[in-house]
Structures are given as structure tokens and as C-alpha cells.
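One line per chain: the protein sequences are A and B, in this order.
Residue 1660 in my numbering sits at position 186 of the first sequence, and the numbers go up by one each step.
Residue 1562 in my numbering sits at position 88 of the second sequence, and the numbers go up by one each step.
Worth double-checking, as some hints may not be accurate.
Remember, identical chains collapse to one label, so a pair may be satisfied in a single copy or spanning two.
To be verified - The calculated DSBU-like cross-link candidates involving lysine-lysine, where the alpha carbons are at most 30 Å apart (straight line), are:
{"id": "1", "residue 1": "K1650", "residue 2": "K1541"}
{"id": "2", "residue 1": "K1495", "residue 2": "K1673"}
{"id": "3", "residue 1": "K1541", "residue 2": "K1683"}
{"id": "4", "residue 1": "K1494", "residue 2": "K1541"}
{"id": "5", "residue 1": "K1697", "residue 2": "K1489"}
{"id": "6", "residue 1": "K1632", "residue 2": "K1495"}
Derived from the structure by calculation, the hints contain no laboratory data.
There are 2 protein chains.
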Amino acid sequence: MKKNVALQELLEYVKEQKFKKGDRLPSERDLAGILGISRTTIREALRILEERGIVSARRGSGVYITKSAEAMALDENSYPPDEETRIKDQLEARFMITPVIIRCAAGRATEEEISSLRNCIVSMSRAIVARELRQLVDADCEFHRLLAAMTRNHKLIKIMDLLNTGNEIFWEYFIKNDEFVNNVIFAGFVEIVNAVKRKNGDEAAELAKRNIVNACEWLSRIKDTHYSDILGITKN
Amino acid sequence: MKKNVALQELLEYVKEQKFKKGDRLPSERDLAGILGISRTTIREALRILEERGIVSARRGSGVYITKSAEAMALDENSYPPDEETRIKDQLEARFMITPVIIRCAAGRATEEEISSLRNCIVSMSRAIVARELRQLVDADCEFHRLLAAMTRNHKLIKIMDLLNTGNEIFWEYFIKNDEFVNNVIFAGFVEIVNAVKRKNGDEAAELAKRNIVNACEWLSRIKDTHYSDILGITKN
DNA sequence: TAGTGGTCTAGACCACGCC
DNA sequence: GCGTGGTCTAGACCACTAG
């Protein structure tokens, strides 16, 4: 994508021109001319830099550098939102957040809601048999959405919605191996529901964590990455 | 902004046309025509809906609804609840999520980022003296945003953004009492930064929790509600 | 092959900061 | 008033999906 190229060129340009923290960049229109690219695309690149906290735009004034060159160099390598990073971020976020929500949910769930969870698991099972990635992801989302709803906390529901986006990225790998999905992940979900039914929040949370640990280990095996790093850093 | 208007109209249109989960929306070009708006703007609105997990775009195929009507209604109602509920949800969510993120941040923060945290605290202090609610809330948001950025995890940053919305609701109460804000909350932030500097994630997380506990207790005193219920249910 | 989302472009107008 | 970032537009081409 050109915006990513623009982003790299922009960083290169900043380095060349020896811009420092606090300096003002050329205007968006000038940058567009300098880098031979449309202003819209430049803006998209700047937006990304702003998200990363490297740059800050002030209306009517200009775009300013807010991060030192050293800090920029430091996280330059850590930011390509490539597939590896997305998988890692997604798994880590789920590992950190989901158990907390499930622990809370276990204390507040009704019998009826637990039946809904069971129904979800049935859908999941069907999707696995039919090898329907989309249905599997949907069932997984629904499962987690229900758990979040049990907390009766609107904010937590929204957070779960956020966590529920972008999971295809690893389900895609899981669904390739029936045995793993069935005996490990799927069985894990069943155990979680049982723990929730017993209103044992701590156990449910622990099971949720273990499920993600298992997922990480399996992914590490079939890919050449070490997802298990996540666990050491964020141990609860 | 027109994209926000477009977003509302889009939701309205979906409701009118009785689109359901799994249905395909008209193409972006058609929607542009229907709503009388450029495709770029429509795309921006769709991007937001995609982030919220309401919709999912498939290249070469179309844009599909991924959330049931009930879930959408739930989402819509997630903000009109009464003030009590909003405060409770907000505090509870922060109590559950923030410590986990801070623990992770403590293990990955750079010296420079810690300086930024300190700067934030200075802004906060100034805002308190000037009794500027808006600046105080901004500084609080920035403080938490920085902490989330230290995790280097895009998802967690987004989650923190979500947590950062709607906090005016209790800052409004806090700012009325200088002594409390200064000696309890503000001092708590300073301690958190120190713990982060020592890379002591567990302590930082514990301090973050205690800060929210203190906030709950103080709110319970000045209002006739028992916010401390939150703590028993979600103890870690 | 026709239609879709993904990306990029050039140009326009607005709201705001600064001189 | 001038230059800035913020927003919107119409149109183009590409890569992909599906019939």
C-alpha cells in the first residue's frame, strides 16, 4: 500500500532533515509535493504516526514531532501491523481481559443465560463438523458476547465487542485441525460453562486462561513463532 | 461531521429495511447514492461500524451485518442508562481492566515514556488548581492512553480508548473536593508511576485498584449509593 | 466477466491559529 | 488575511469474489 510506503518515506525524510522533538513538519500540502503523493495519502500516513504518538497535529498551526528520534527508532520495528503482530496482540488481549470478565460473569449468570451458552457451544460444534470458518467465528463471538452480557455492565460488553473483532485470523489456523479444536479448545469451552454454572468464577477464569495458553502453544507449533512469550509477561 | 451523520442514517436505514444478521448491505456505491453522500464518507462510516463489530466487509463480495438486531439495540441502549448505572459500570470496568493493563505496561515501559507520564501528572495538577474539569479529564485520558501504549498492544490501546470515554461523570464529583483529589487520587497516580518505574507490575496494578477503591468509597460517602459492592464481586 | 471492496488522486471548502 | 489541518467530493484503477 502506498500509504505505508509514504509512512516509511516520511520517517526517512524526518531523519534526513534532522527534525527533532518539537519541530514542525512541512505542511501536508508541501509534504504531498515533496514525496510526490496526494495529500489524502499523506494524511493517512500522518494519522498512523499520530496514533503511534510520534507526531501531533494542531489545526491552524501545523504538524509537530512529539517523540525523540531515539524513541522513534526504538519502536519503529515493533509497529508493523502484520499478521504476526495482529495474532499476538489479539491473543494477548484475550488472555488478559477475557478471564477477568468471565470471573465477573460467573457470579451473576442466570440459568437461562447458561442454557444460551450451551446452545452456542452446539452451534460451534456444528460449524466445526461442517468446516465453516465463518459460522465458527460467529459462534465464538456470540459465546463471548453472552458472557460479557452476564456482567450486566455496558462498558464491559463494549470491550468484549472490541475483543470479538479480528479473531478469524487465528481460527483460520485452528480449524485446519479437527482434533485440536475438538479436544482442546472446544472441550475448554465446555469446562468454562460448567464452572460458570457452579458459580466458581476463579475456576472459570483459570480455565479461560488455560484455553488461550493451549491455543498459543498449538500456534507456536504449527507456525515458526513463539506466542508463548505472551504468558510470561502478563501472568496474573 | 458528516460521517457521523452518515453513520446514524446508515443505522436508521438498516433498521427501516429490516436488515438482519448475515444480510448483505447495498454496495458502497449504492449506499452513497441512497444517502446522498460520497463513497469516501460512506466508507468512513462503515469503517466505524466495522470497528464496533456491527458490520464486516468482504472484498469482492459485499458488506455484511454481523450483529443481531437485539445486540445492536443493546449497544444503542448502552448509553442512556441512568447516571448511577453509568458511574457504576464505568468504575467497575476500570477496576477490572486497568490494573491488568498497567501490570503489563510496567514490564515494557521506557524511561522516556515514564517521563511522559510525569508530564501528564503535572498537567493534571495544574488542572486541579485551575479547577478546569475538561483539562483534568483530558490529562487523565492521556495518562491512561500512555499506559496502554506502553503495552505495545494495539488491541489494548483500543480498549483503553473505550474506557477513557465517559469519565467526566465522576471527575465532576471529584473536582469539587480539592483535598480528596490531591491527597488520594492524585497521590495514587504518582505512586503508580513510581511502581511502573521500578518495573513492579504487581504493585502498580495493586495501586491502580486501590485508587479506584478509594474513589468508590469517596463517592459512596458523598452520594447515597453503595459503590463498594463492585469490589467484592470482582476481587482478583 | 461483472460487480465489489480497497486504495489513491486532485481539488474544493471550512474552522482555526497566527501575524 | 493567510496558511494550517479537518472534512468532503467525484472519479479512477486495482484485486478479489462469484456466477
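Here is what the structure says about each hint:
1. K1650 with K1541: Between copies only: 26 Å across chains, 41 Å inside a chain, cut-off 30 Å.
2. K1495 with K1673: For K1495 and K1673, only the inter-copy Cα distance (26 Å) is at most 30 Å; the intra-copy one is 46 Å.
3. K1541 with K1683: For K1541 and K1683, the Cα distance is within 30 Å only across copies (26 Å; inside one copy 33 Å).
4. K1494 with K1541: Close inside one copy (8 Å), not across copies (46 Å); limit 30 Å.
5. K1697 with K1489: Intra 35 Å, inter 43 Å, cutoff 30 Å: neither.
6. K1632 with K1495: both (25 Å within a copy, 18 Å between copies)
Checked against the numbered hints listed earlier, the structure breaks hint 5 alone; every other hint is satisfied.
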